[in-house]
Amino acid sequence: MNWLPLVILLFPAVGGALLAGRGWRWPRPLTVIIGPGVVWLSFFAVLYGYWTDVNVDQTYWTWIRAGSFVLPVNLLLDHLSLFMCLVITGVGGLIVTYAVGYMEHESDASYARFFCYMDVFVFSMLLLVLAGNFVFLIVGWALVGLSSYLLIGFYYWRPAAVVAARKAFVMNVIGDVGMILGTFVVFLQFHATTYGNFGWVPKSDSGYLELAAFLFLVGAVAKSAQLPLHTWLPDAMEGPTPVSALIHAATMVTAGVYLVGRLHPIYDVAAVAHHTVAIVGAVTALFAATIAIVQVDIKRVLAYSTMSQIGYMFLAVGMGAYAAGFFHLLSHAFFKALLFMSAGNVIHAMDDEQDMRRYGGLWGQLRWTSPSFLIGSLALVGVFPLVGFFSKEFVLGAVFSKPDDPVSIWVWVVGFVTAVLTGFYTGRMWWVAFWGRPSETRPVEQPHEAPGVMLIPVLILALLSTAGGLVQTSALGFGTTLVEDYLKPVLGALAWPPSPIELIVTIATFAFGVLAFLGAYLMYVPRSERRAAFLDGVAEVAMAQPRPWSEQFPRLQALLEHKYYFDELYDFVFIRPLNWIASWGDRRIDRTVIDGSLTGVAALIEDGGAGLGALENGYFRSYVLVFVGGAIVAGLIVLWRAFT
Amino acid sequence: MALDAGTLQIGGESIESSWFLILAALLFSIGSVGILVRRNPLVILVCIELMLNAVNLTLVTFSRQLQNLDGQLFALMSLTVAAAEAVVGLGILVDIFKLRELEDVDDLSELKG
Numbered sequence: 001m002n003w004l005p006l007v008i009l010l011f012p013a014v015g016g017a018l019l020a021g022r023g024w025r026w027p028r029p030l031t032v033i034i035g036p037g038v039v040w041l042s043f044f045a046v047l048y049g050y051w052t053d054v055n056v057d058q059t060y061w062t063w064i065r066a067g068s069f070v071l072p073v074n075l076l077l078d079h080l081s082l083f084m085c086l087v088i089t090g091v092g093g094l095i096v097t098y099a100v101g102y103m104e105h106e107s108d109a110s111y112a113r114f115f116c117y118m119d120v121f122v123f124s125m126l127l128l129v130l131a132g133n134f135v136f137l138i139v140g141w142a143l144v145g146l147s148s149y150l151l152i153g154f155y156y157w158r159p160a161a162v163v164a165a166r167k168a169f170v171m172n173v174i175g176d177v178g179m180i181l182g183t184f185v186v187f188l189q190f191h192a193t194t195y196g197n198f199g200w201v202p203k204s205d206s207g208y209l210e211l212a213a214f215l216f217l218v219g220a221v222a223k224s225a226q227l228p229l230h231t232w233l234p235d236a237m238e239g240p241t242p243v244s245a246l247i248h249a250a251t252m253v254t255a256g257v258y259l260v261g262r263l264h265p266i267y268d269v270a271a272v273a274h275h276t277v278a279i280v281g282a283v284t285a286l287f288a289a290t291i292a293i294v295q296v297d298i299k300r301v302l303a304y305s306t307m308s309q310i311g312y313m314f315l316a317v318g319m320g321a322y323a324a325g326f327f328h329l330l331s332h333a334f335f336k337a338l339l340f341m342s343a344g345n346v347i348h349a350m351d352d353e354q355d356m357r358r359y360g361g362l363w364g365q366l367r368w369t370s371p372s373f374l375i376g377s378l379a380l381v382g383v384f385p386l387v388g389f390f391s392k393e394f395v396l397g398a399v400f401s402k403p404d405d406p407v408s409i410w411v412w413v414v415g416f417v418t419a420v421l422t423g424f425y426t427g428r429m430w431w432v433a434f435w436g437r438p439s440e441t442r443p444v445e446q447p448h449e450a451p452g453v454m455l456i457p458v459l460i461l462a463l464l465s466t467a468g469g470l471v472q473t474s475a476l477g478f479g480t481t482l483v484e485d486y487l488k489p490v491l492g493a494l495a496w497p498p499s500p501i502e503l504i505v506t507i508a509t510f511a512f513g514v515l516a517f518l519g520a521y522l523m524y525v526p527r528s529e530r531r532a533a534f535l536d537g538v539a540e541v542a543m544a545q546p547r548p549w550s551e552q553f554p555r556l557q558a559l560l561e562h563k564y565y566f567d568e569l570y571d572f573v574f575i576r577p578l579n580w581i582a583s584w585g586d587r588r589i590d591r592t593v594i595d596g597s598l599t600g601v602a603a604l605i606e607d608g609g610a611g612l613g614a615l616e617n618g619y620f621r622s623y624v625l626v627f628v629g630g631a632i633v634a635g636l637i638v639l640w641r642a643f644t
Numbered sequence: 645m646a647l648d649a650g651t652l653q654i655g656g657e658s659i660e661s662s663w664f665l666i667l668a669a670l671l672f673s674i675g676s677v678g679i680l681v682r683r684n685p686l687v688i689l690v691c692i693e694l695m696l697n698a699v700n701l702t703l704v705t706f707s708r709q710l711q712n713l714d715g716q717l718f719a720l721m722s723l724t725v726a727a728a729e730a731v732v733g734l735g736i737l738v739d740i741f742k743l744r745e746l747e748d749v750d751d752l753s754e755l756k757g
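From first to last, the protein sequence lines are chains H and P. The numbering of the first sequence is the working numbering, which starts it at 1 and goes up by one. The numbering of the second sequence is the working numbering, which starts it at 645 and goes up by one.
Since the hints were made in silico from the structure, they are not lab data. Keep in mind it's a predicted model, so treat the numbers as computed, not measured. Some clues are possibly wrong.
Have a look at the derived ranges for each label pair, beta carbon to beta carbon [what the hints assert, rightly or not]:
| id | chain 1 | residue 1 | chain 2 | residue 2 | range |
| --- | --- | --- | --- | --- | --- |
| 1 | P | 725 | H | 603 | 42 to 50 Å |
| 2 | H | 588 | P | 680 | 53 to 61 Å |
| 3 | H | 610 | P | 680 | 21 to 29 Å |
| 4 | H | 593 | P | 681 | 28 to 36 Å |
| 5 | H | 593 | P | 683 | 51 to 59 Å |
| 6 | H | 635 | P | 684 | 26 to 34 Å |
Capping the alpha-carbon separation at 20 Å, the derived lysine to any residue pairs in SDA-like fashion look like this [unchecked claim]:
| id | chain 1 | residue 1 | chain 2 | residue 2 |
| --- | --- | --- | --- | --- |
| 7 | P | 756 | H | 608 |
| 8 | P | 756 | H | 557 |
| 9 | P | 756 | H | 610 |
| 10 | P | 756 | H | 355 |
| 11 | H | 563 | H | 355 |
| 12 | P | 756 | H | 553 |
| 13 | P | 756 | H | 617 |
| 14 | P | 756 | H | 613 |
| 15 | H | 563 | H | 553 |
| 16 | P | 756 | H | 624 |
| 17 | P | 756 | H | 619 |
| 18 | P | 756 | H | 616 |
| 19 | P | 742 | H | 553 |
| 20 | P | 756 | H | 189 |
| 21 | P | 756 | H | 605 |
| 22 | P | 756 | H | 606 |
| 23 | P | 756 | H | 563 |
Here chain H is said to cover these stretches of chain P; the calculated rule only asks that three of the stretch's residues, wherever they fall, bring their Cβ under 8 Å from a Cβ of chain H [stated by the list, open to error]:
| id | region |
| --- | --- |
| 24 | 726 to 732 |
| 25 | 745 to 755 |
Cβ atoms here follow ideal geometry from the backbone N, Cα and C, with glycine treated the same way.
Work the whole structure out from these sequences, hints included.
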């Protein structure tokens with residue numbers, strides 16, 4: 001039993017190593033078996049741990065012992081890590097299986113390379129959540145960043161993919177530095193390298209504790225693409241779609257939520273940092289939702305939606321509603337992976353076209369993918385009884401009910417507005433891409449539904465997104481609380497009771513979200529393309545065709561299309577000064593001082609060598625003359641010494 | 645026998661050791677001047693032998709004068725080295741002669757700086 005964490009880690013590690021070593025020479029069926037197979041084996045090991053209720057903090061050996069610094073190799077498999085492992089290997093297994101179909105057009109070598117990277121990613125992510133000390137946490141943290149880099153840049157012959165990969169890596173390294181500095185603070189001030197149930201966390205707040213909490217928050221913000229380190233996530237959509245589904249929606253980007261949850265004893269005490277988590281989450285949720293309204297690339301809409309939903313998780317854990325945050329993590333893993341994979345099917349059917357304005361009319365043509373995408377969209381909006389309803393309302397309800405906190409009501413307001421915006425941009429995506437008549441510029445007239453290996457994982461996730469909410473129905477005030485109960489030993493219970501009007505608020509959020517979803521229909525489906533049976537019964541409303549607000553507010557449109565000019569701002573503040581300093585250094589320092597000193601030394605040696613070389617004239621007698629002359633001089637010195 | 649500094653007993657006769665040393669100095673000088681002025685490689689080798697043996701003569705002289713065998717042992721060692729040196733030197737010369745006509749050692753100046 002104590003070996004279970006190692007066993008869970010072992011499978012994807014071995015799979016990745018095998019594929020890395022020999023995979024490119026293997027026949028494709030072997031890659032197909034090993035690539036997803038090891039993830040599923042790991043999933044079964046996790047399931048075994050779930051059924052036998054494993055709860056171990058196992059130290060295998062001591063890795064480093066230097067004075068007071070002792071670092072054991074320990075893995076922690078408690079309810080929180082098991083929960084995360086279930087998401088990683090379960091959803092991960094589905095997505096890697098889906099990739100078997102999605103990547104089939106690649107060459108054999110690229111195919112094996114893809115599954116190698118995916119297995120390495122799963123291993124790294126499992127290491128991140130199973131680590132029992134800060135050092136292994138950082139190792140996993142950095143390795144998922146590396147896997148993300150490799151997979152975003154998978155199509156390395158595309159310059160855009162390479163640039164996006166580099167951007168993601170640099171942003172993630174900023175976070176890694178925060179993590180490492182936070183670990184230093186924890187070690188120097190609290191003398192801890194392992195979590196050790198966090199007995200070392202002081203009972204009262206202190207500057208150093210806040211510092212450590214803020215430094216870890218930098219890591220969480222970078223990894224989870226929250227403001228202001230968010231700009232890499234939309235660009236990361238350059239990677240293959242299964243990568244976007246697994247790494248940039250379901251698992252890796254939620255690592256920041258896991259970090260805050262795992263370190264919640266620190267954040268419970270460090271009040272300022274804890275509130276900052278909530279505020280960062282709320283601002284990002286709103287910020288990303290507004291940008292999602294104007295995006296035209298279907299994967300980018302989903303990317304901004306992911307940022308926004310992770311913002312929800314951040315505001316939940318930042319407010320202390322940990323179970324709500326982690327339930328939303330689970331639910332988001334289901335429906336966002338579903339959305340990405342359905343979008344992948346659509347992109348596949350549309351000859352790799354990602355601009356959704358060029359889709360249109362897919363409903364009815366993609367018989368399985370369209371309903372799946374609709375389920376994912378409705379879960380994202382938070383429609384009862386899909387999983388997104390229960391998780392989002394759990395988050396917002398818990399935040400709304402939190403007493404004695406000046407921030408909570410504002411965080412709730414932002415969360416509410418974001419929920420309405422979510423309804424709107426999801427509606428826009430759905431109506432534009434799937435409804436109405438096929439676009440005149442659509443690349444494929446009669447799209448083909450995806451093969452079974454790509455459909456079955458999608459359908460399983462559609463089922464989970466539909467029924468998954470039943471494990472935690474506390475948003476309604478009654479029913480099951482399985483997720484909350486399961487995580488209670490690690491995260492503690494919610495510290496406050498639900499407010500009496502919580503249910504009203506829940507219904508209001510739900511209602512406005514759905515209205516926004518339907519409102520997008522009026523805005524984005526032209527009147528001529530509306531189907532009589534749908535909604536047009538409400539004649540007055542249906543006849544309306546509001547002018548697109550992009551025409552009404554062109555400046556707002558431009559602001560959103562440029563994503564609030566964050567890229568331009570970073571370009572102006574960081575990149576251009578760095579380029580300027582670099583080119584100045586190139587001209588003034590590198591070429592003059594450094595090159596000059598090196599060529600100077602070389603020239604000195606060369607000239608000196610030429611001068612000395614003149615002595616070596618090649619004539620034997622001249623050497624002998626020097627020798628004899630030397631002997632005579634030596635003899636004279638001896639004689640002179642002897643006579644004085 | 646009383647040790648008279650500067651006198652050697654050879655075949656019942658006493659000879660001043662200075663004569664031997666002067667002879668050695670002359671031989672050495674002839675050898676070194678020969679190396680400097682002659683260009684025939686074989687003659688140069690002969691001159692080197694001459695210098696070596698001048699030194700050997702000094703060693704043996706002092707050995708007799710000081711009644712100490714170290715000098716004679718050293719001379720024997722020096723003879724061995726000289727033999728080896730003659731072998732190597734002549735071997736190199738034979739190889740060079742195989743490659744080309746050599747008029748004097750000044751033709752062998754490829755390694756000049």
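Do the hints match the structure? See the list:
1. P/725 x H/603: 42 to 50 Å: For residue 725 of chain P and residue 603 of chain H the Cβ distance comes to about 44 Å; the hint holds.
2. H/588 x P/680: 53 to 61 Å: This hint holds: roughly 58 Å between Cβ atoms.
3. H/610 x P/680: 21 to 29 Å: Holds: the Cβ-Cβ distance is about 27 Å, inside 21 to 29 Å.
4. H/593 x P/681: 28 to 36 Å: violated, 55 Å
5. H/593 x P/683: 51 to 59 Å: holds, 53 Å
6. H/635 x P/684: 26 to 34 Å: holds, 28 Å
7. P/756 x H/608: OK: residue 756 of chain P and residue 608 of chain H at ~15 Å, within 20 Å.
8. P/756 x H/557: It is violated: about 80 Å lies between the C-alpha atoms, which goes past 20 Å.
9. P/756 x H/610: Holds, at roughly 11 Å.
10. P/756 x H/355: violated, 75 Å
11. H/563 x H/355: holds, 17 Å
12. P/756 x H/553: Violated. Residue 756 of chain P to residue 553 of chain H sits at ~85 Å, over the 20 Å cutoff.
13. P/756 x H/617: holds, 5 Å
14. P/756 x H/613: Holds, because 7 Å separates the two Cα atoms, which is no more than 20 Å.
15. H/563 x H/553: It holds: about 15 Å lies between the C-alpha atoms, which stays within 20 Å.
16. P/756 x H/624: Holds - the C-alpha atoms of residue 624 of chain H and residue 756 of chain P are around 15 Å apart, at most 20 Å.
17. P/756 x H/619: The given pair, whose Cα atoms are some 8 Å apart, holds under the 20 Å limit.
18. P/756 x H/616: With Cα atoms ~5 Å apart, residue 756 of chain P and residue 616 of chain H stay inside 20 Å; holds.
19. P/742 x H/553: With a Cα-Cα distance of about 98 Å, the restraint between residue 742 of chain P and residue 553 of chain H is violated, given a limit of 20 Å.
20. P/756 x H/189: violated, 69 Å
21. P/756 x H/605: holds, 18 Å
22. P/756 x H/606: Status holds; Cα separation ~16 Å.
23. P/756 x H/563: violated, 72 Å
24. 726 to 732: violated (count 0)
25. 745 to 755: Held - the region 745 to 755 of chain P has 6 residues with a Cβ nearer than 8 Å to chain H, which meets the minimum of three.
The structure shown violates the earlier hints numbered 4, 8, 10, 12, 19, 20, 23, 24.
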